[in-house]
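Respectively, the protein sequence lines represent chains S and L.
Here this note's numbering is used: position 277 in the first sequence is 277, and no number is missing along the way.
Here this note's numbering is used: position 216 in the second sequence is 216, and no number is missing along the way.
Rather than coming from a laboratory, the hints here were simulated on the basis of the structure.
Please read these numbers as outputs of a predicted model, since none were measured by experiment.
Any given hint could turn out to be false.
[What the hints assert, rightly or not] Across the chosen pairs, the derived CB separations fall in these ranges: (1) L:Asp349 <-> S:Phe45: 24 to 30 Å; (2) S:Lys176 <-> L:Gln65: 50 to 56 Å; (3) S:Phe321 <-> L:Arg11: 30 to 36 Å; (4) S:Phe92 <-> L:Gln65: 39 to 45 Å.
Yeah, the Cβ is synthetic: ideal placement off N, Cα and C, and Gly gets one too.
Here is how the chains run, residue by residue.
There are 2 protein chains.
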Amino acid sequence: MKKIKVNFGQRSYQIIIGQNILDSLGAFLNSLRLGSDAFIITNNFLKNKYGLKLTRSLSKAGINQYFKVVPDSEKSKSIKTASQVIKDLAEFDKNKKVFILAFGGGVVGDLSGFLASIYRRGISYIQVPTTLLAQVDSAIGGKTALDLETGKNLIGAFYQPKLVFSDVDFLKSLDKLQLSSGMAEVIKYAVIKDQKLFVYLENNRDQILSASPTALEKIIGSCSVIKARIAEADEKEKLGLRTILNFGHTIGHAIETAAGYKKYNHGQAVALGMAAAADLSVRFGILDEKTSLRIKNLIKLYGLPLKLKGVSAERIIKAHFHDKKFSGKVNKLVLVSAIGKTRIARNIDLKLIKAAVGSLY
Amino acid sequence: MKKIKVNFGQRSYQIIIGQNILDSLGAFLNSLRLGSDAFIITNNFLKNKYGLKLTRSLSKAGINQYFKVVPDSEKSKSIKTASQVIKDLAEFDKNKKVFILAFGGGVVGDLSGFLASIYRRGISYIQVPTTLLAQVDSAIGGKTALDLETGKNLIGAFYQPKLVFSDVDFLKSLDKLQLSSGMAEVIKYAVIKDQKLFVYLENNRDQILSASPTALEKIIGSCSVIKARIAEADEKEKLGLRTILNFGHTIGHAIETAAGYKKYNHGQAVALGMAAAADLSVRFGILDEKTSLRIKNLIKLYGLPLKLKGVSAERIIKAHFHDKKFSGKVNKLVLVSAIGKTRIARNIDLKLIKAAVGSLY
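From just these sequences and the hints, can you work out the full model?
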């Protein structure tokens, strides 16, 4: 079991990562004194698969529970769902000792954290992420959100949980697509901050893709530390230090938008975005061809795409310039100068970007 | 013109209080660099009465404007209204340089502040309060909220504005009931913290009730300072320092609940609550009869009630024990030991509370 402290002064908390540790969750919650009533937000699949085990762990610790099931879809990050959930929360909260337990992936985590931030002007919540993507990324750092029709994540709050509890056993139930989608984020962390992790990923593909608990615990631990340190340094995204987390994401989002969020899932789009960013780094003159190839090979090794089909480069470039991360008309991209080292480039010649996107065909 | 600094470190801001100062608002906003696009949340009456003047002031400063009218009713503090308003906000926010201007009383201020706190994980907003109650109380301190069916203010955030801009000219359009309702809060500040203000209120009733700008500027200034200092010391209500602001409000809320929010408006209920709290302070042995009478006389002087009709004492006591400010079964009331001095009493003998409520008949 790994414990990582996330430092936010009085709001500091731990990330716990381990194998088959759900039994001990109740005891952790008791030691945190979060309250006697757990409002658990989850989806149907997880409730059916792990509900009993979760209930046992919490009951042993004397914690009352209410399971609120939401659809396992981005649509649950809506005002409509949030409004229904908060009504049930207020109804359940007879004793004013409620806390929220987010039991699921990124959607459940974003919704739960946001509701915790606004109910009674802020109550406690904990993250129990069940996907690789959530364990290495979305559950850490306190960014919570809902979507509007006009755009994703337009509503939200920066609001830290009291605990992030990552049991790698949950990842056994992921299908290959979900696992490789999460791996895109793991590769991102290795490229931007951790050469050792990069080498580990190169050498341990089979264990990781077969969901070896030891291998997963290792990579989730490495990624969690990176995410935690970056979030600590720039909690509210005011200093631009979180920007490097967008490596592969700017072009990745453009691909998702241009392809209508259907053809490529988030991990695949990020993989393509990272390949383009590596290519652009070479064209920009800060990365050698060999390292760029090593990055692309690692992406490929985990079953993620390097080539793009069915979406034109023109549409991607167009979507790129509508990305919400732009303010004004100056583009800004995270490039890489070596494994573990990034550089933020602004106002890049459009020809270079077009050529980099072109390299995906 | 008075300027009061509210100290929240990097989030500090000013309260501006003056007579006929709306013309200068645009210039203030420009100096704060809040953005080029003002999303103004207001009601129909205010838009018709002051919209043109507000528009002129902002246009002169080069600020684009969008007026969003919401009903002038507690019902506007709902998820439904919030959801409609935020859609229009996102639609208007093409340049990502929007800020919110709350132009109204407590309802508009609570709704606007809450929306500012959640849109894009927090944008700037300013308060331009137009009622006495909002100018002396709700616009200051950063408490924002929506209601749920299960209870008032159950959703919200602590979120500070960038400016509170109180033009006493707005108060000219208030009817007597609105003015005296606001005066209940003014009297509260005087009783809990400001003996000089108390004497001023005793001696200047006619000027105040005829909405003399000079008199209003004075009392709003005094109250704003008190509210600001208390909010600074306990921004998120964790230290219990804000508790004294509940003087008259605990029993007052019980009266509102028991009377179904119809028979007595907020100010009248608070007046009755203060009368009962003064009476209780005497019974509790910490206040002399003469000072209690002085408090009651001041309440009466401003046309506020000292006697209760049509609601039984039993119902009030019952509502009192369901108040959301109770946690557990120990009652807690703000008592007064002299003009300007409070004491918080816990676990008060129910007989004394009953007798104090009984004194209202």
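Consistency of the hints with the structure:
Remark: the range hint 24 to 30 Å for aspartate 349 of chain L to phenylalanine 45 of chain S is contradicted by a beta-carbon distance near 55 Å. Here the CB-CB span from lysine 176 of chain S to glutamine 65 of chain L is close to 53 Å, well matched to the stated 50 to 56 Å. For phenylalanine 321 of chain S and arginine 11 of chain L, the Cβ-Cβ distance of about 33 Å falls inside the hinted range of 30 to 36 Å, so the restraint holds. Taking the beta carbon of each, phenylalanine 92 of chain S and glutamine 65 of chain L are about 42 Å apart, inside 39 to 45 Å as hinted.
Of the numbered hints stated above, the single one contradicted by the structure is hint 1.
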